[in-house]
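Each position in the sequence shown, counted from 1, maps to that position plus 25 in the working numbering.
A couple of the hints might just be wrong.
Said to hold, decoys possible - Pairs of lysine-lysine residues, derived as BS3-like cross-links and limited to a Cα-Cα distance of at most 30 Å, are as follows:
{"id": "1", "residue 1": "Lys81", "residue 2": "Lys206"}
{"id": "2", "residue 1": "Lys376", "residue 2": "Lys206"}
{"id": "3", "residue 1": "Lys81", "residue 2": "Lys67"}
{"id": "4", "residue 1": "Lys238", "residue 2": "Lys310"}
{"id": "5", "residue 1": "Lys67", "residue 2": "Lys238"}
{"id": "6", "residue 1": "Lys187", "residue 2": "Lys310"}
{"id": "7", "residue 1": "Lys206", "residue 2": "Lys370"}
{"id": "8", "residue 1": "Lys206", "residue 2": "Lys67"}
{"id": "9", "residue 1": "Lys370", "residue 2": "Lys187"}
{"id": "10", "residue 1": "Lys238", "residue 2": "Lys206"}
Worth flagging that the hints you see were computed from the coordinates, not collected in a lab. Please read all numbers here as calculations on a predicted model, not as lab measurements.
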Amino acid sequence: MPFPILLQTVLDLTSPGRVVPAEHTPLYAGVPSTIIGADGAKFGGGMVEPIGCNSKLLTSSNFLGTAGTAAGAEAEFELCGPSTLGQAMGISSQFLATLFARRKADTAGSSLLYTIDYRADQAIGGNELMLLEQQDWTTRMAYGGDGGLLDCTGITPLLRRKVSRIVCCPSVQMVPTESNKQSWLVSSNGVSALFGMQPDGSDQLGRSGAAVKECMQAFPTSDFEALWASATSAFAAGRPITHVQRSTVMRNDYLGVPGGWEVEVLWVINGACSAWSDQLPEDTKAALTEARGSYNAPHLVKEAFEPTGLGPFPYVPTYCMRYTPELVVMLSNQVAHAVLSVGDKIKEMAKS
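Input sequences plus hints: build the corresponding full structure.
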């Protein structure tokens, strides 16, 4: 039976820019690693059942034993709000909730972001929570955020469990060519950061390149070039962008990844593919060409709430929340084409 693992983050309200990994599953939730910040702030140390993920410690009696554990101890908690799988799903995929919570300055010149406050943030899925820390058994106010702030691919929860075969289908925002490699590394940081390849100064939270590596890298940097060569050659030839990568997983204590074993990753990367688009009916090709010709990327918030047509296809921003039926059909068909192109490999990975 499939077991959903929702990748989230916890935003530390006392230290802007500090983002902590979190998971939410039907059986347990919390911070999967043990983190102590430079200022002494503690996160993680264990997982709890989901209903206790958002709760406040009220009373305890000799809660920590002589060994520093809570084995056999009792404590009283107050539930501070729902902590359901559905709510976690909304938070885990809601970049805008994180954006509004940070009150990020709008470089496009519009005042819209400045007028959106806490209430709007809550309306679209933001979540303040009382986070239980199991290092010193205290609760603290934090903010549940989009898992993409640390991993847009969903790979890291699998690496924590030492999975040896992964099929990963990440979304990217531009074509892979040598002339735009640096821009690709920035815009597709969900992939590049896993290899420690995100350019310094490009992090949306203002973290340095070294800090991004510390909290996001899981694969050797040297392994990225094979993936990049495969992506550029596939795009130039009009094929689906797929690549089989074998890497030795790096230890990353921040992510809670143990490291030290080999993983096989089948990358199926979203992107323009002429082998698929050349087979479209002529009227569909014409509609796509017209939509692209008249498309102007609107303001970040405006684009999120208004219908997104064929204009940006296939590089559709993932913070959009209203896809037109035509766009959904086009995206699903192109992805199906890419997945079927490596269908035999997927079957092989599933059997072994």
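Looking at the structure, which of the earlier hints fail to hold?
Going through the list in order, the structure violates hints 1, 2, 4, 6, 8 and respects the others.
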